[in-house]
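Peer 1: Starting from the known structure of chain A, fit chain B onto it as the hints suggest.
Heads up: the protein sequence lines correspond to chains A and B, in order. Here numbering that gives the first Met the number 0 is used: position 455 in the first sequence is 454, and no number is missing along the way. Here numbering that gives the first Met the number 0 is used: position 34 in the second sequence is 33, and no number is missing along the way.
Since the hints were made in silico from the structure, they are not lab data. Be aware that a few hints might be false.
Stated by the list, open to error - In silico DSSO-like cross-links for lysine-lysine, where the CA-CA straight-line distance does not exceed 27 angstroms:
(1) A:K164 x B:K107
(2) A:K186 x A:K503
(3) A:K104 x B:K97
Stated by the list, open to error - With the Cβ distance kept under 8 angstroms, some of the chain B side facing chain A (calculated, not the full set):
(4) L30
(5) T37
(6) F41
(7) A82
(8) V90
(9) L94
(10) N108
Virtual Cβ for every residue (Gly too), placed ideally from N, Cα, C.
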Amino acid sequence: MNPLIPLFVIIPLAGAFLIMIIGRFIEEFNKYFTSLVLLLLTCISFYFLFTTGEKIFVYKVGGWEPINSLPIGIYMVMDGFSVIVVCIINLIGFLSAFYSISYIKRYTAGNYFYALFCLLIGGMNGVVLSGDLFNIFVFLEISVISSYALVAFGVESNELEASFKYQILGGLASFLILFGIGFIYWKTKTLNIADIKASFSSGYNKTTYLFIQILILSGFGLKAAIIPFHAWLPDAHSSAPSPISAMLSGVFIKAVGIYVIIRLFFNMFAISEGMAVLITALGTVSMVIGVFLAIGQWDIKRLLAYHSISQMGYVVMSVGIGMILVSRGTKPEIASLAIAGGLFHLVNHAAFKGLLFLNAGAIEYTIGTRNLKEMGGLAKSMPVTSATSFIASMSISGVPPFNGFFSKLIIIIAAVMAKFYLLAALAVIVSIITLASFLKFQRYAFFNRSNNSKNHNIREVPFPMVFSMVVLSIICVLLSLLVIPEIRDAILTPAINILTDPVKYSTSILVQ
Amino acid sequence: MIAYIMCFILFLVGLYGVITRRNLIKIAVSLSIMEISTFLFFTLIGYIDGGVAPIVDPTDPVKVYVDPLPQALVLTAIVIGLATTAMLMAVIIRLYRKYGTFDIREIKNLRG
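Next comes chain A alone, as it looks inside the complex (with noise of 0.2 angstroms):
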C-alpha cells in the first residue's frame, strides 16, 4: 500500500472542482492555480521514477482486501512501465499549461479551460495507474469527453466539426471497448488485470480470445490512431488550442492508447505471433503512410499531426517487432532492445512533438496564421522559437546530438539484429521524408524571405510560453542521455521487464 498513488487522481479533480468554484471570485487564480497543482505533480511522478525501479507499488481503494486470494477491490498499480508514462503525463501537462497563462488571453472562459485540462491530466493519469479493466474505461472516458470539450474550444465552424468527427469515432472505440471487457467479463468473472491473466492461463476457447482481442485491439487503436483509424486524428489536433495539440499529440494518444494496447497485449493476453504480427503490420503501415500524408500539408498544425501517426507508427512497430520476437521464444535480448527502442521512442516524442506544437502556438500567437507560405522571416524577430523549433524538427527527424537519433538507431539495430530487414528499410526512408518535411517547416516558416509587410513589427512571445519552450528543447537534449547503459539500466530496464516476463506483472500483483 503505498499512500502517494491516488493522488495523482485525487489532486487534479480536486483541482478542476476548486477552480469551478474559487475561480469564480478570484480573477487569476485558475492559471497559476493548475500550474501549481501540475508542478506538484510532476515532483511526485519524479519521485516515484526514481524510488519504483523493479518493485511494483499497489493500493487497494478502500482498503479492501482480497479474500481466498482473489482481489476483490480496485486496485491501483506503480510499476516500471507506468511510471514512464505518469512522468511524461504531469511534465508535459506541467509545462502546457504553464504555456497556457499567456497564450489563453485568445479565448474567453479560462477557467472552463483549466477546469478540463485538470479532467484531462487525471483522466490519463488514472487510466495509466488503474490496475482494471473498467476502471481503465472509466477514467478513459474522462479523459476523452474532455478532450471532445476543448478540441472544440474556439467554437468555430471547424473546431466544431473536428469534435464532432472525433466524437462519432471516438464513441465507437468506447462501445468497442466496453464490448470487449463485458467479453472478457463473461469468459473469466473478473475485471482485474492480473486476475484475468491468471484466469485465462488455466484455458480459455481460442476463437473468443480472437474476437475479444481484436476488439480491444480496434478500439484502443482508434484511441491511439493507428492507421486505418486515424481520420479524426488530423482534424481533432489540429483544430485544437495548441498547449492542448500539444497535450494530445505529445501525451493524449499514448497513454489512452498506445499504453493500453501494450500493457494488456504483454501483461493480461498470453502473446501469440499472429496477433504479433498483426500488430506490426499496422504499426508499419502507419509510420509509412502517415510520412506520405505529411509532406504535402501547408497547415503547420496538421503537417505536425500527420507526423505524430507515422512516429507512433514507429513506437508501435518496435513493440511489435519485440512481441513477435517474445511470442517465438528465441533471441529475448534482442526482443528487450526493441522494446527498449520503442519506449525510448514514446518518451522522446512526447518531448519533441509537444515543443513542436507549442512552436506552432507561439506562430499562430504573434501572426495569427498556421499557413507556411503565408510566413517567413520569423527567425530574425522570434530568436527563441526559430532555435528551439529547430532544436525538435531535428529530433524528430532523427539528427545525430539529439534525443531521436537515439532512439530510431535502436529501432533499426533492433529491426536488422531480428532479420526484419524490409522493416529497417522503411524506417530509414521515413526518417529522411521526415527530415525533409521539416526542412520545408523550417525554411518557409523561419528562414524564407518574408513577403508579407505586416510581419516586420513582430516580437517573441511572452515569458510562459518561451519558458515552456525552452524547457522542453533542454528535456530534447538531455533524453539523449538515455542512451548511456547506466541511465538506460534504471529507468527503461525495469519497465522492459515487466513487459518481457509473462507472469511477473499478474503474480507480483496477486500476492500482494
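Peer 2: Positioned in the frame of chain A, the structure of chain B alone reads:
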C-alpha cells in the same frame, strides 16, 4: 442465446445508422442505439435464469442470485453515456447555428 444475437444485431443496426445516415441528429441517435446494445449485453452477462436480486437472505441458503457486478458497471456506463450524448448534442446545436443545416454533406471544411 437468442437474446445475445438480438443484442449483437442491435449493435449492427446502430453501426449501420452511423455509417449511412446524413443527418447529424440521426447519427447521434444511432450512436445511442449502439450504446444501449452494449449495456444490454452487459446486463445479459450477469443474468441467471430464475435468479433474484442479490439481497442476501440468510434464512434461504439455496436461493439463486443474479450477478450484481454487471449491473453496477452498467449504471456507471449509463452515466458516462449520458455525458457523451449531452456533449455530442451541444456540439450539434453549435454546428447548426454555424451552418444552418443538419446535413453532414454541407459540413466539410476540413479536408486532406
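Peer 1: Each hint should be assessed against the structure and marked as holding or not.
Peer 2: We went through each hint and held it up to the structure:
| no. | hint | verdict |
| --- | --- | --- |
| 1 | A:K164 x B:K107 | 11 angstroms, holds |
| 2 | A:K186 x A:K503 | 23 angstroms, holds |
| 3 | A:K104 x B:K97 | 23 angstroms, holds |
| 4 | L30 | 5 angstroms, holds |
| 5 | T37 | 5 angstroms, holds |
| 6 | F41 | 5 angstroms, holds |
| 7 | A82 | 5 angstroms, holds |
| 8 | V90 | 5 angstroms, holds |
| 9 | L94 | 5 angstroms, holds |
| 10 | N108 | 5 angstroms, holds |
Checked against the numbered hints given earlier, the structure satisfies every one of them.
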